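A.B. asks: Please put together the full structure from these sequences, using the hints given.
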Amino acid sequence: MNTNDTYSKRLIDSLHGKLIVSCQAYPGEPMRHPETMAQVAQSVEIGGAAAIRCQGLADISAIKGQVKVPVIGIWKEGDNGVYITPTLHHARACIMAGADIVALDATDRPRPDGLTLQQTARQLKSEGAILMADCGCIEDSDAAVDAGFDIISTTLAGYTDSRAKTEGPDYELLAQMLERHPHVPVICEGRIHTPSDAAKAIEMGAWAAVVGTAITHPMTITSWFADAVRS
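Numbering that gives the first Met the number 0 numbers the first residue of the sequence shown as 0 and each following residue consecutively.
Not one of these hints is a red herring.
Here are the simulated distance ranges between beta carbons:
| no. | residue 1 | residue 2 | range |
| --- | --- | --- | --- |
| 1 | L10 | R229 | 43 to 49 Å |
| 2 | G127 | D226 | 42 to 48 Å |
| 3 | T193 | E28 | 20 to 26 Å |
| 4 | T35 | D160 | 31 to 37 Å |
| 5 | Y158 | M218 | 15 to 21 Å |
| 6 | D78 | Q38 | 23 to 29 Å |
| 7 | D4 | D145 | 17 to 23 Å |
| 8 | Q117 | S230 | 45 to 51 Å |
| 9 | E138 | S42 | 33 to 39 Å |
| 10 | G64 | R229 | 40 to 46 Å |
| 11 | P217 | R179 | 32 to 38 Å |
| 12 | D78 | T193 | 26 to 32 Å |
Below, simulated DSBU-like cross-link-like pairs (lysine-lysine); rule was C-alpha separation at most 35 Å, straight line:
| no. | residue 1 | residue 2 |
| --- | --- | --- |
| 13 | K164 | K17 |
| 14 | K199 | K164 |
| 15 | K124 | K199 |
| 16 | K63 | K17 |
| 17 | K199 | K67 |
| 18 | K199 | K8 |
| 19 | K124 | K67 |
| 20 | K124 | K63 |
| 21 | K63 | K8 |
| 22 | K75 | K199 |
| 23 | K75 | K164 |
| 24 | K75 | K17 |
| 25 | K63 | K199 |
| 26 | K75 | K63 |
| 27 | K124 | K75 |
| 28 | K75 | K8 |
| 29 | K67 | K8 |
| 30 | K8 | K124 |
| 31 | K124 | K164 |
| 32 | K17 | K199 |
| 33 | K17 | K67 |
| 34 | K164 | K8 |
| 35 | K164 | K63 |
| 36 | K17 | K124 |
Honestly, the hints are just simulated from the structure, not real lab data. Note that the structure is a prediction, hence the values are computed from the model and not measured. All C-beta atoms in this analysis are idealised placements derived from N, C-alpha and C, irrespective of residue type, glycine included.
C.D. replies: This is the structure:
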């Protein structure tokens with residue numbers, strides 16, 4: 000095992016059985032500012048987050064400079080099709096900004112630069128990158144493992160045409176991925192809205208659980224309570 004493999008294993012092992020928090024704000028929101036997101040990231044690190052997932056080069060750089068835990072970086076470009084770190088260029092930029100792990104859309108949809116998922120992953124791995132695959136179905140996870148991704152996740156379950164969107168986490172897909180790929184870290188991400196949701200994912204065997212909205216998106220959290228009061 001070379002030095003890079005040792006570092007990669009140690010970093011991924013540090014996430015085992017832990018909580019990852021996604022710190023993102025969307026265009027037009029008051030909190031959409033790198034300094035604000037870095038402050039949110041610091042807060043969740045103090046609260047026990049084992050890693051931070053964040054979006055955009057400015058946020059990645061700002062957060063990396065303020066936390067000690069690993070940073071999972073993505074770069075969203077557009078709002079349909081393949082838009083989560085859609086190209087080799089986007090992935091490289093995330094790494095240059097400071098991401099310890101870069102997450103990419105791992106669906107079989109066409110990528111904007113014309114490269115296949117396998118071509119993209121192969122090039123990034125040759126450059127020493129640690130890769131996380133955002134999957135929408137079991138076939139996506141198969142392709143990601145074949146392409147050499149270090150981590151696979153349920154991030155895009157319900158957001159492509161491959162599977163219906165579940166009200167909460169897609170535990171069925173999680174179970175399928177755990178059974179199909181027992182030797183690859185499988186992360187549960189998407190619609191984890193309560194501590195019990197996260198605990199269930201870990202109990203099922205997920206390597207880690209990613210929580211975003213329920214921790215770091217006050218507009219949505221407030222709407223849950225406002226709707227409950229009105230009803």
